[in-house]
Amino acid sequence: MSEKNSSNDTSGEASTWRVKVGLAQMLKGGVIMDVVTPDQAKIAEDAGACAVMALERVPADIRVDGGVARMSDPDMVEGIIDAVSIPVMAKARIGHFVEAQILQAIGVDYVDESEVLTPVDETYHIDKHPFKVPFVCGCRNLGEALRRIGEGAAMIRTKGEAGTGDVVEAVRHARTVLGAIRNLQQMPDEELMTYAKELGAPYELVKETKRLGRLPVVNFAAGGVATPADAALMMQLGVDGVFVGSGIFKSGDPSKRAKAIVKAVTHYQNAEILAEVSKNLGEAMVGISVSSLPKEEMLGERGW
Amino acid sequence: MNQSPNNLIFKPPSIAPNGVASNGVGGLTIGILALQGAFLEHANMLRRLGAVPVEVRLPDDLIGVDGLIIPGGESTTIGKLANQFGLVEPIQQFIKANKPVWGTCAGMIFLAQNVGATGSGGHVIPPRLGNMEITVNRNAFGRQVDSFEVDLELSFATDQLFRAVFIRAPRIETNSQAVEILARLTDGTPVAARQDNLLATAFHPELTDDNRFHDYFLNMVKTSITSNSKQGEVVVQK
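Just so you know, the sequences run in chain order F and V.
Every number in this note's numbering is 9 more than the matching position in the first sequence, counting from 1.
Every number in this note's numbering is 11 more than the matching position in the second sequence, counting from 1.
For reference, chain F alone in the conformation it holds in the complex (with noise of 0.2 Å):
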């Protein structure tokens, strides 16, 4: 806050653009790791999670559940906060504002705007650029991305299917964006226009993101990573980093995983270390194939 700037007086400038996508890319070639709970969180920083997402139920568990899922109990994200080091997010619904400004006014270093949760509103999301914290959000394409980040997503995340541990949607939304970018790379300038109104995009991101080849901002795979060797393949296909929600405290042994998927992350590329950190793992999450899911179940269909 302002506030404490000054009191150090550093005369400097907080919340701008830079800062929030700044943190956004000390998180890259790292894990996100979901938890419920501040021993759980103690369990994720032990391991190496470059984060964590405070929430009160795992995405499977809200599969599970049903009803309504809502942000989480903000006592509960302080705990978390007070208990690790490592940046802490916790997530809104969609559209829900105020929601998210409760979460900046307890102190987490990101916000979520998450369809894992029940959208509060079914056109708009959440005009992201007033807010001192910065936001990630959810796309399954190219469009999709770039209208959160023209709302002020200061970060981006492939959605994938919460809560299955089916990696299937996340190569899905992968593939999508990464291979839209690919063939933005190709086309002459006059298309552009017309394929950002194809997109429902904003134009200058449209042209912003065939300069750099990639995404104006950080891109993480979510979704469905269960296993060391879904977070590499994530990596390969071409994202920055991983978030890994239930598959972690939904398995078997989950600090000897959330060890192995880290250290993936990083090694993605060195298939013996891949092999090496992926043996003697315990039970995976049980999972649920996406192709067995009703439409309306998919929480990926959910954003506008």
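Think of the hints as simulated: they come from the structure by calculation, not from any bench.
Hints may contain errors.
[What the hints assert, rightly or not] Which bits of chain F does chain V cover? Going by a derived footprint, with three or more residues having C-beta under 8 Å, they are:
#1 33 to 42
#2 94 to 103
#3 139 to 151
#4 269 to 275
[Claimed, not checked] Short, incomplete list of chain F residues facing chain V, as computed with Cβ under 7 Å:
#5 Gly21
#6 Glu22
#7 Ala23
#8 Thr25
#9 Arg27
#10 Val28
#11 Glu54
#12 Gly57
#13 Cys59
#14 Gly116
#15 Asp118
What you are looking at is a predicted structure, and each value in this text was computed from that prediction instead of being measured.
Quick reminder that beta carbons are idealized off the backbone N, C-alpha and C, glycines included.
Model the placement of chain V on the given structure of chain F, informed by the hints.
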């Protein structure tokens, strides 16, 4: 594979086989500890200056490297992975061989002799090298909403101010006489420091277009190559 395609904007220049530049700082081979964090940003900046970046994930990756950058990222993650993959001792040897090492943010914590309190949350002290005679506090300015940018005066380049980006940054609380302070906040807090062949910044020059810190480091590397070869020692890494 995760080499973001914008890296291709900057083609690596051709270099002498031993990595020693014949002119300027170009052609130096600079390792970047690539365990986790913002290593691609350093690589882009180095390429722009004509140096050759090499990603270091295992001890053998240090072979043929003239200088090493430890990037920003999460200090606990980087420290633990460095420890698990046996990198701490080889980097100590690298420093003993008078080769320069620069730590930014988490990298500064990795270099620090002592790590004190965290500004907020947790108190697990990450594994580190501990060579630099500084005590740093992590997250010393607060959480992400307290992250900021500010203009700094640099002791080695006074022509214009340096826009410094602080992200959940650590700060130097105390330092020994052996440590030279290169930049301070207006309240006097040291945020950039050098001790012989070690350089540390609490902020992120790799997130800006200002290459003066990278240039400063490459000159440290160039000087170390000259003085190491004067001593008649070709230091071979294991």
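Hint check results:
no.: 1; hint: 33 to 42; in the structure: holds (count 6)
no.: 2; hint: 94 to 103; in the structure: holds (count 4)
no.: 3; hint: 139 to 151; in the structure: holds (count 3)
no.: 4; hint: 269 to 275; in the structure: holds (count 4)
no.: 5; hint: Gly21; in the structure: holds (3 Å)
no.: 6; hint: Glu22; in the structure: holds (5 Å)
no.: 7; hint: Ala23; in the structure: holds (4 Å)
no.: 8; hint: Thr25; in the structure: holds (5 Å)
no.: 9; hint: Arg27; in the structure: holds (6 Å)
no.: 10; hint: Val28; in the structure: holds (4 Å)
no.: 11; hint: Glu54; in the structure: holds (6 Å)
no.: 12; hint: Gly57; in the structure: holds (5 Å)
no.: 13; hint: Cys59; in the structure: holds (4 Å)
no.: 14; hint: Gly116; in the structure: holds (5 Å)
no.: 15; hint: Asp118; in the structure: holds (4 Å)
Taken one by one, the earlier hints all hold for this structure without exception.
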